[in-house]
Amino acid sequence: AQTVTQSQPEMSVQEAETVTLSCTYDTSESDYYLFWYKQPPSRQMILVIRQEAYKQQNATENRFSVNFQKAAKSFSLKISDSQLGDAAMYFCAYRSASNNNDMRFGAGTRLTVKP
Amino acid sequence: AAGVIQSPRHLIKEKRETATLKCYPIPRHDTVYWYQQGPGQDPQFLISFYEKMQSDKGSIPDRFSAQQFSDYHSELNMSSLELGDSALYFCASSLGGGSSYEQYFGPGTRLTVT
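Note that the protein sequences, when read in sequence, are chains A and B. For what it's worth, the working numbering labels the leading residue of the first sequence as -12, then goes sequentially. For what it's worth, the working numbering labels the leading residue of the second sequence as 896, then goes sequentially.
Worth flagging that the hints you see were computed from the coordinates, not collected in a lab. Be aware that one or more of the hints could be misleading.
[What the hints assert, rightly or not] The calculated lysine-lysine pairs, modelled on BS3-like cross-linking and capped at a C-alpha distance of 30 angstroms, are: (1) B/Lys917 to B/Lys947; (2) A/Lys57 to B/Lys952; (3) A/Lys60 to B/Lys952; (4) A/Lys65 to A/Lys101; (5) A/Lys42 to A/Lys60; (6) B/Lys952 to B/Lys917.
Chain A with its partners taken away, still in its complex shape:
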């Protein structure tokens, strides 16, 4: 079974600085998708970024980028120029390419942004 591990329960960053959130996963599959979701205090789940395992190029969405290391099964999220609105719980998620219905989430990392 696939598992997703986020080893940092809490992280803190100064406004305008850069922070990296870690995520590792365990799978025997070669084709899958990885996601980072943001959950602000409103508890809404918001997709931040996604990465297809077959793509070597790291995904980027404005200030958000990932470092995808397939061999190491690592998928970290880098937030550049952190803003107060980035404060939230961040979940790393895995979804098999052969089973769309089973999305596995990590335990989450709570990010605090200090002004």
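Fit chain B to the known structure of chain A by using the hints.
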């Protein structure tokens, strides 16, 4: 743009009561997923539907059932509620049942069982 709608947003029930949660997917989305997020926990997949048929089942208790209707909205029925059922219930929808399709999450329904 229209998003996933869930109702009610908050629900308070007593033990052993029944609750029904509703999910209205994004227009044209034919696949719906239900997740349960307990306090301080990550979301857990419960069940999904594609084109009105159950497509997969996760950690959904036997006391719960769900269905997807002809207009693609879905309802999660929860009976004999227990205190441990208190959680945030998310619905997500996607266009198509394939794994390449994004899941868009609704705002969630917060269920409190007293």
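Results of checking the hints against the structure:
Using a Cα cut-off of 30 angstroms, the hinted pair B/Lys917 and B/Lys947 holds, with the two alpha carbons roughly 15 angstroms apart. Pair hint A/Lys57 plus B/Lys952 holds up; C-alpha atoms about 28 angstroms apart against a cutoff of 30 angstroms. Taken as a hint, the A/Lys60 and B/Lys952 pair is honoured in the structure, with Cα atoms around 26 angstroms apart against an allowance of 30 angstroms. With a C-alpha separation of about 17 angstroms, the suggested pairing of A/Lys65 with A/Lys101 holds against the 30 angstroms cut-off.
With a C-alpha separation of about 14 angstroms, the suggested pairing of A/Lys42 with A/Lys60 holds against the 30 angstroms cut-off. Between B/Lys952 and B/Lys917 the alpha-carbon distance is near 18 angstroms, which keeps this suggested pair within the 30 angstroms criterion.
In summary, the structure agrees with every hint in the numbered list given earlier.
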